[in-house]
Amino acid sequence: MNFNLSKEHKMIQKTFASFTKNEVEPIAAEVDENERFPSETVEKMKRFGMMGIAVPREYGGAGADELAYALAVEELSKACATTGVILSAHSSLGCWPILKFGTEAQKEKYLKPMASGEKLGAFGLTEPNAGTDAASQQTVAVLEGDHYRINGSKIFITNGGEADTYIIFAMTEPSKGLKGITAFIVESDTPGFTIGKKEKKLGIKGSATTELVFKNMMIPKENLLGKEGKGFKIAMQTLDGGRIGIAAQALGIAEGAMEKTVQYVKEREQFNRPIGKFQGLQFMMADMETQIQAAKLMVYQAAAAKAEGKPYGKLAAMAKLYASETAMEVTTKAVQLHGGYGYTSDYPIERMMRDAKITEIYEGTSEVQKMVVAADILR
Amino acid sequence: MKIIVCIKQVPDTNEVKIDPVKGTLIREGVPSILNPDDKAALEEALRVKDQHPDTHITVMTMGPPQAEEVLIEGVAMGADEGILLSDRAFSGADTWATSNTLAKAIEKIGRYDIIFCGRQAIDGDTAQVGPQIGERLGIPQVSYVEKFYLEEGKIRVHRALEDGYEVIEGQSPILLTTIKELNEARYPSIPGIMRAYREDCIKVWTYEDLDIPSTDIGLDGSPTQVKRSFTPEQKGAGEMLEGTTDEKVGSLVQKLQEKNLI
Amino acid sequence: MGIKILQDECVGCTLCVGACPFDAIDMIDSKAVMNDNCTNCGACVDACNFGAIIKEESQMKQMDITQYKDVWVFAEQRDGQLMDVAAELLGEGRRLAEEVGCELSAVLLGEDVRDLTDELFAYGADKVYISEGEHLKQYTTDGYTKVLSKMVEEYKPEIVLFGATHIGRDLAPRVAARVDTGLTADCTKLEIDPEEKGLMQTRPAFGGNIMATIICPKHRPQMATVRPGVMERAEKSGKREDQELIEFKNDVTEEDIRIKILDVVKAGKASVNIVDSEVIVSGGRGLEKPEGFELLQTLADKLGGVVGASRAAVESEWIDHDHQVGQTGKTVRPELYIACGISGSVQHRAGMAESGQIVAVNNDPEAPIFSVADYGIVGDLNDVIPKMIKAYREKV
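Chains as they are written, first to last, in the working numbering: chain A, 2 to 380; chain B, 27 to 288; chain C, 129 to 524.
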């Protein structure tokens with residue numbers, strides 16, 4: 002059992018750490034304050050081949066693996082969870098379904114530009130009435146000759162309005178329930194496709210989270226992803242892997258908060274000594290560190306399993322469940338350890354706490370993760 | 027165009043700490059990095075390649091086996107190949123012996139148009155290796171390059187002075203030492219990293235591979251030697267200055283001057 | 129070659145491991161083993177009580193070093209003006225010459241620089257070597273290296289000192305390589321070894337975290353570059369006995385100089401990047417008004433530094449955010465940080481606590497800034513800072 006990262010993985014990790022320190026961290030506070038999508042960072046990431054980490058070389062990607070990708074999201078998220086999720090949604094939810102289920106023509110047309118970073122990806126499954134109950138899709142797609150006419154809306158879509166390529170799910174056969182859902186590749190400039198409300202959120206404020214509105218949007222047959230009726234399966238399998246990205250994001254948030262906290266308790270003095278000397282706080286921090294280490298191993302194990310082609314559904318669910326809870330607990334304690342200062346925006350720690358919360362909710366709530374794990378154990 | 031870039035792997039001296047008890051360097055946990063001035067040198071070479079895609083860039087370093095990492099980083103940034111000069115016989119070298127070794131390796135490569143070197147390494151801080159390679163190869167040098175232009179085969183650089191700069195024109199073959207203000211270096215690209223590790227981009231040359239007398243390398247080739255090393259006095263607690271304002275100020279100015287701070 | 133650990137003699141006491149400043153000795157199977165970090169400094173040789181570590185004799189080329197005499201100082205001049213560092217080196221050079229028991233010479237290259245020779249004699253040079261020519265008017269590596277190397281080969285000085293200026297650091301290594309000798313850069317201390325009579329050159333390494341004393345035992349001349357502002361200037365005195373001006377004819381031609389200097393541009397002070405400055409004079413709420421920064425700027429200019437500020441001062445709009453030091457500003461590590469009227473909140477300290485030396489001026493003796501200061505002055509900065517400016521002017 003080798004717990005060491007390979008040289009390649011280490012170099013990728015080092016590169017992202019450096020990139021994060023120089024390009025991401027300096028603007029993280031401003032991105033959050035202005036609720037601004039950091040397009041300049043995405044542009045830079047495109048330049049260095051960072052938008053297609055786990056996509057094979059022949060489709061314009063870097064040809065690295067899922068673990069490399071998880072390391073990337075982790076590093077970015079240590080400073081800025083917004084940047085982490087932009088990469089995660091694009092990679093796991095945008096690129097991966099096309100890689101796995103797309104035709105060669107679709108890969109050529111859509112995957113290559115996304116892997117190179119030319120185009121940004123997004124994933125539209127959630128609707129006002131279909132969250133955890135994802136199968137209750139109300140968006141409908143009706144075949145008319147060579148096109149599908151799609152009507153409906155999606156909400157809470159990450160990279161909404163910024164992305165060029167969306168994986169959209171719609172009901173082609175309402176009578177068949179979840180077996181009547183189909184996946185489509187939708188380009189942002191398709192007539193009938195508009196971006197609706199942009200959410201104001203508690204955290205990951207720089208991430209664009211929007212409503213998608215489809216009004217008589219005509220999508221050509223060639224853009225059907227996979228097969229009619231297989232959409233739900235595609236969605237679930239995609240989310241299975243996507244949760245590794247979110248788990249990595251949560252891990253990064255926790256680690257970033259921990260690093261700042263360790264530094265702070267060494268500097269802050271009360272009662273004539275650094276507060277890090279008080280055993281009560283030391284015990285708190287020992288617990289935090291232990292949780293982080295456990296989360297890390299779970300994230301890496303899930304990513305490695307996927308990279309090696311082994312079953313990873315349960316591992317990914319457990320990793321996301323645990324890492325997101327860890328992120329929330331660690332950041333909350335981190336604010337506590339920073340005292341009053343931690344509550345102010347002078348320190349990044351309050352933002353990290355606000356950012357952490359979403360990891361327990363999106364891409365499958367913690368409750369959904371438990372459903373997945375239970376289903377696996379009890380089958 | 028053929029460019030050779032000499033680079034060095036160094037400990038990140040910003041992170042180096044002194045053990046307060048032993049008075050020794052704590053090197054554990056100190057990350058090794060590509061020397062910043064050298065990174066600028068490589069970046070400039072890569073910019074030439076961006077403009078002229080048929081440029082060939084070799085990155086070269088002399089060091090222990092782990093120095094391979096900076097060559098990989100260089101290839102991942104876009105260099106075509108890396109050469110590691112590694113042998114116990116090379117160790118203990120001062121700048122003269124180091125430059126001998128690097129120069130011999132450059133001669134073995136044969137043809138080159140420009141040699142880019144970083145002005146100085148953050149561990150040695152001597153700024154001597156670049157010029158001494160130039161002398162050994164018998165080629166002209168320009169140091170402290172803060173801007174570089176290549177127009178129609180003509181090389182034009184800005185050489186930084188303390189209070190300005192000189193505009194200098196030269197032609198190949200030439201050796202240039204660069205300062206980190208020259209440019210902002212790119213990151214290794216992810217596909218580049220994968221390529222650097224997957225394809226056979228790094229050669230290792232030992233003492234056997236270079237036709238060089240043993241008296242020109244390593245300890246034997248080093249006119250200078252370290253007689254002793256010590257850690258500078260550590261900071262104790264601070265001192266509150268006493269007396270009238272004039273006395274306090276006088277005392278302060280004197281102390282700061284003694285420490286060569288003003 | 130170099131340091132060798134004799135495995136048979138090693139008893140495994142690990143004294144050498146502790147003595148090594150470079151972590152170059154590992155204990156493997158209870159025996160000391162050298163790793164690649166070794167720089168041959170010899171600290172372990174001294175530490176071993178069992179004679180298990182030896183320094184092997186090297187097979188270096190031999191040179192007859194007894195032929196070499198006198199201390200030379202490269203008298204760097206630009207545009208016909210002598211650089212300050214030359215005066216500093218002559219001061220130091222005199223001290224070394226006395227200890228060795230030899231003469232001090234200055235070496236002057238250029239065109240129409242004859243009038244500088246008086247100044248060099250006044251600074252204490254026994255001899256001045258001068259070599260002039262139109263191709264030496266502006267410094268070029270090729271021109272100056274050719275002349276200086278030939279002079280070294282002809283007159284065989286024992287020691288040659290250069291200022292570690294942009295020119296000195298370009299010229300010295302080239303000359304050292306041409307005459308096949310050793311060079312030590314950026315020396316902060318020069319001494320003569322009382323036994324061997326060689327030059328002991330002490331300099332910082334590893335970003336200043338460690339000091340190394342270097343010697344050049346078997347090669348001559350012993351060459352060193354010295355940072356400007358480190359050594360004390362020579363006093364200008366009247367003429368000494370037996371001062372000699374020696375002309376050296378050079379044969380530098382246009383073909384020798386392989387580059388062309390197209391232009392020389394003098395620049396004004398660039399925009400503020402406080403992170404790169406070695407000296408920062410910083411102001412806070414205690415300044416009480418924006419004009420306070422003018423006072424600090426005067427001190428900063430005197431010291432060759434820049435002005436920094438606390439968050440309070442920036443938020444009062446007394447100074448631009450570019451100057452802010454601290455948690456929400458920049459993190460700086462200058463050699464000297466002078467905090468004026470800054471209370472020293474944990475946020476501010478996070479941005480400057482790693483500075484080399486910290487001086488704090490504040491009229492509140494309980495101000496937290498004093499806990500990180502090396503030197504503290506309790507007082508009114510409007511009184512203290514002008515006095516500092518005046519005192520600095522007087523000393524210099």
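I should point out that these hints are in silico values taken from the structure, not numbers from a laboratory. Watch out, some of these pointers could steer you wrong.
Below, computed lysine-lysine pairings styled on DSSO-like, alpha-carbon distance capped at 30 Å [unchecked claim]:
| no. | chain 1 | residue 1 | chain 2 | residue 2 |
| --- | --- | --- | --- | --- |
| 1 | A | Lys22 | B | Lys285 |
| 2 | B | Lys229 | A | Lys15 |
| 3 | C | Lys364 | B | Lys285 |
When the structure is checked against the list of hints, which entries are broken? Sort them ascending. Violated hint (a single one): 1; every other hint is consistent with the structure.
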